[in-house]
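Participant: Take these sequences, add in the hints, and give me the full structure.
From first to last, the protein sequence lines are chains W and U. Residues 1 to 518 (UniProt numbering) make up the first sequence, in order. Residues 1 to 518 (UniProt numbering) make up the second sequence, in order.
Treat each hint with caution, since some may be false.
Just so you know, same-sequence chains aren't split out, so a pair can sit in one copy or run between any two.
Stated by the list, open to error - The calculated lysine to any residue pairs, modelled on SDA-like cross-linking and capped at a C-alpha distance of 25 Å, are:
no. : residue 1 : residue 2
1   : 318       : 421
2   : 483       : 204
3   : 318       : 463
4   : 39        : 51
5   : 39        : 123
6   : 515       : 258
7   : 39        : 49
8   : 39        : 50
9   : 51        : 422
10  : 39        : 124
11  : 482       : 71
12  : 125       : 96
To be clear, the hints were calculated from the coordinates, so they are not data collected in a lab. Since this is a predicted model, take the numbers as computed values, not measurements.
Number of protein chains: 2
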Amino acid sequence: MSRLRPGRSASRRHNREQSAAAVSSLNQLPWQQLAYLDKPTEPIDAEGVLKIHDAAMRVLEDIGIVFLHEDAREILKKAGCSVDETTMNVRFDRDMVMELTAKAPSSFTMTPRNPDRALEIGNGKCAFGMVASPPNTMDLERGRRVGNRADFRDMLRLSQIFNCIHFNGGYPVEPIDIHASVRHLDAIYDLLTMTDKIIHAYSLGPERVEDAMEMVRIAAGLSHAEFDASPRMFTNINSSSPLKHDWPMLDGAMRLARRRQPVIIAPFTLAGAMAPVTIVGSVVQQTAECLAAVALLQLISPGTPVVMGAFTSNVDMKSGSPAFGTPEYMRAMQLSGQMARFYNLPWRGSNANASNHPDGQAVWESQNSLVGVLSGHANVVFHAAGWVEGGLSASFEKVVMDCEMLQQWIYYNRPVDLSEDELAVEAIREVGPNGHFFGCQHTQDRYRTAFYSPFLSDWRNYESWLEAGAQTAHERAHRLYKKLLTEYVAPPMEDSIREELEAFVARRKEEGGAKTDF
Amino acid sequence: MSRLRPGRSASRRHNREQSAAAVSSLNQLPWQQLAYLDKPTEPIDAEGVLKIHDAAMRVLEDIGIVFLHEDAREILKKAGCSVDETTMNVRFDRDMVMELTAKAPSSFTMTPRNPDRALEIGNGKCAFGMVASPPNTMDLERGRRVGNRADFRDMLRLSQIFNCIHFNGGYPVEPIDIHASVRHLDAIYDLLTMTDKIIHAYSLGPERVEDAMEMVRIAAGLSHAEFDASPRMFTNINSSSPLKHDWPMLDGAMRLARRRQPVIIAPFTLAGAMAPVTIVGSVVQQTAECLAAVALLQLISPGTPVVMGAFTSNVDMKSGSPAFGTPEYMRAMQLSGQMARFYNLPWRGSNANASNHPDGQAVWESQNSLVGVLSGHANVVFHAAGWVEGGLSASFEKVVMDCEMLQQWIYYNRPVDLSEDELAVEAIREVGPNGHFFGCQHTQDRYRTAFYSPFLSDWRNYESWLEAGAQTAHERAHRLYKKLLTEYVAPPMEDSIREELEAFVARRKEEGGAKTDF
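Facilitator: What follows is the structure, encoded as structure tokens:
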């Protein structure tokens, strides 16, 4: 390809043709975000929201949050917070927290290198991300294995192929065979060349975050000023619950905020372990931990986009193991949604489960998780496809099964048409009591597009299914993911940009990459 | 046991002790109906409800419904309907339909022989029924087989053991090895002796319905007047869509109405086959077919309890196979709920799926179905446990998996407590930024009952799970159902009553049972 850039329209047409070629085995819905049709499910009333808010404010005012980063404490102290330099504890005035929180936008748009893949975060929309960060991967043929670059790249291929996957919120499986000092360089190179969707930078030390921002900038062909002008990527930080934000996470979040890139703040408040044994108490703590970081980031860069993260679930009190997709998780997600709307912030949940196998339990817990986050109107869903084993494994077949479920939830949110044609009284009259609707004109005009068409469900009768090999959903998902990998086509990228990325990676590797001793 | 009846309190205590003994392997929630906490999900507004209502009324006024029963036509004609005796078509005045519908109660209580198992139908409550009427059964060990009395009885044992199963809505699998003429006698004898929950009579000819009512009366030790005084059982009729009610269903429904026993009227309106290809049009037809029967039954016995049944789903337009648990089904259920509330009637949905195996597809389709019916506030859920293969098989393992899901939905609907103790600010203060909540008093006081405890989910870590045999949910469900069957204890029944039931069955068998030629 010439080093001259083709016009954008030519580039996009090329892209669409390639995308279409890539999915010939997959009868999927077009690229689109989920847009909520129903009202959110709200288990508590406005007075209840105020109670949780007041409790969170008491935590911030009377108990405080530990900030393990001196720059953060310095900024908060200057703004009027009460800072104890021995314990590194910071207490906040509630009015200050509310004023700062009000500076964050209620919605924003993130645009990756392919502008067709831009995502609206907030405003009644939802974006789904691939499973992120498991140290292991598994599939039906080869079982469970430690994460590696080959599987990482296969996961990226699937994340690019499925239209219901809107972003990568990290590495879908940790490529552990790449040394930690340079892993981010190879991994982000793969993310940016093998997908054209929004990516995420791990807040694990300054080099990783800065390298990620620079690579995203190069991949999109942007100047530094253009990069800083609007959201192009994001990071997700977890508080070190209870009541603590650690150095690498804060450092990364502050670096992104300085360049006005979005930060998701997701306390991992497991009720009964790192948070109170009551779900409501865990949401109180989650809210306090999140807003403390929101306040810091708004002080650094007022108006920088932030997302309230919700990861409150419960532990199994018998074993101490985390549980997901439980009734408690569903309610925690809906309560989190109510709190986020109270603060006028977008919010993030997850599609999680605790099953060790992509079996029935994995599916019912995932569906519970999806009901919790979607009925609560989450704007970002992490781990939407592929998560099993409480996040310790990424399952190839679960990716495919989850995408089938995600597509159905997108379709479910289509508006209901009540036109006279849809009410169909004339079709009912025409067919009458002795007819059948298969043949009538009303059906003929609509049957091709009347209903959702799944790519994974098998609706044949038992005999046909048996004759065709009696494959379970797990087995069908296995065959489909293998086939899709053979059909994957990389999204186009100009040679000049690829070369610039390669040169950057080479240079940073020569420099030693990132420190691995924090 | 003496033929003298023990006092009711002694009998009930005995029952509770036996029930407790029966479930030693099952850490399940106590017997309770689901009570809705959230508002129902309503995809259309009040104006939209009026549009569907108006369209249904136009079907009843201008097109009409065929009633294949001369008594029914006679009653409707006398009430002012326009009846064509050649086509057997009946057209209704909309005011008459609304006046008659208003006579039906918005809620009612059904009481089986064990009054502790009484069910409230309506009033924000939901009751779950076992899978009903599949001709086949399957399990992991023996595969798929034709329904038979041994499997039928095992299914009844499970329906009695699980507290989240509130009634049997028919035979959980058809005992096809019993001759059709006497099958209902043996099957209802088993239902009434092996369970103490509400049962259903098939409206398949006068003898079956009359025998069922008589046997329910005997089992509960009631006089005829006592039986007629309040709901003790029910029937479910399906219209022969489009636009037709057939003779056996009408005959059974009318017989129950005359004795003021409840009738569920569930049109099987598959969009694109027996109903318009649009979901909204199918709900219009479902509403018209249902209300036509409601009007008839209210003419026969004003105030007799009726339930609006909803079975609208879509077909796979490629194969013509019925599909369940689809996005369309979810919306159809919610729309049905809106219509039922408009008419002030309780309503019935189903937990259905089209999978040929109790695999991931069976679970995600079931969860979709449950979300549809529960978010729409169904008051009765048929086929809540065990249905696979579009209703052509009852799966033993699916019974167990579904019960795990049903329990979670019951638990999910518990109210959210926002007391100061639940907000847990003091516990957060006590634990502080360097502690852990496992040991604190707030946790110690609550941990035993803090969270939902599943009986089927495996939340151990991967290594422990692997070491314990790496059983999938399907395999665990298999082992559990087998173990539960060994622990089953029949609910107590007085000898005198059992003997009376046995004598009735023997006499009716001698008389030839029921006709088998309709």
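Participant: Compare the structure with each hint and give your call.
Facilitator: For each hint, the structure was consulted:
Taking CA atoms no more than 25 Å apart as the test, residue 318 paired with residue 421 passes between copies only; the shortest distance there is 23 Å, against 57 Å inside one copy. Proximity of residue 483 to residue 204 under the C-alpha cut-off of 25 Å is found in neither arrangement, the shortest distances being 35 Å within a copy and 50 Å between copies. For the homomeric pair residue 318 and residue 463, the shortest alpha-carbon distance between copies (17 Å) is at most 25 Å, but the shortest distance inside one copy (44 Å) is not. In this assembly of identical chains, the alpha carbons of residue 39 and residue 51 lie at most 25 Å apart whether taken from the same copy (22 Å) or from different copies (21 Å).
For a Cα distance limit of 25 Å, the shortest separation of residue 39 from residue 123 qualifies both inside one copy, at 13 Å, and across copies, at 22 Å. For a Cα distance limit of 25 Å, the shortest separation of residue 515 from residue 258 inside one copy, 22 Å, qualifies, whereas the shortest one across copies, 83 Å, does not. For the identical chains of this complex, residue 39 and residue 49 are neighbours both inside a copy (17 Å) and across copies (17 Å), given an alpha-carbon limit of 25 Å. Proximity of residue 39 and residue 50 under a CA criterion of 25 Å is satisfied in both settings, with 20 Å inside one chain copy and 20 Å between copies.
Taking the shortest Cα distances, residue 51 and residue 422 sit within 25 Å of each other only across copies (11 Å), while inside one copy they are farther apart (45 Å). In this assembly of identical chains, residue 39 and residue 124 lie within 25 Å of each other by CA distance both inside one copy and across copies; the values are 10 Å within and 19 Å between. Within a single copy, residue 482 and residue 71 get their C-alpha atoms no closer than 48 Å, and across copies no closer than 62 Å, so neither meets the 25 Å cut-off. Neither within a single protomer nor between protomers do residue 125 and residue 96 lie at most 25 Å apart by alpha-carbon distance, with minima of 29 Å and 45 Å respectively.
Hints 2, 11, 12 from the list above are not met by this structure, while the remaining hints are.
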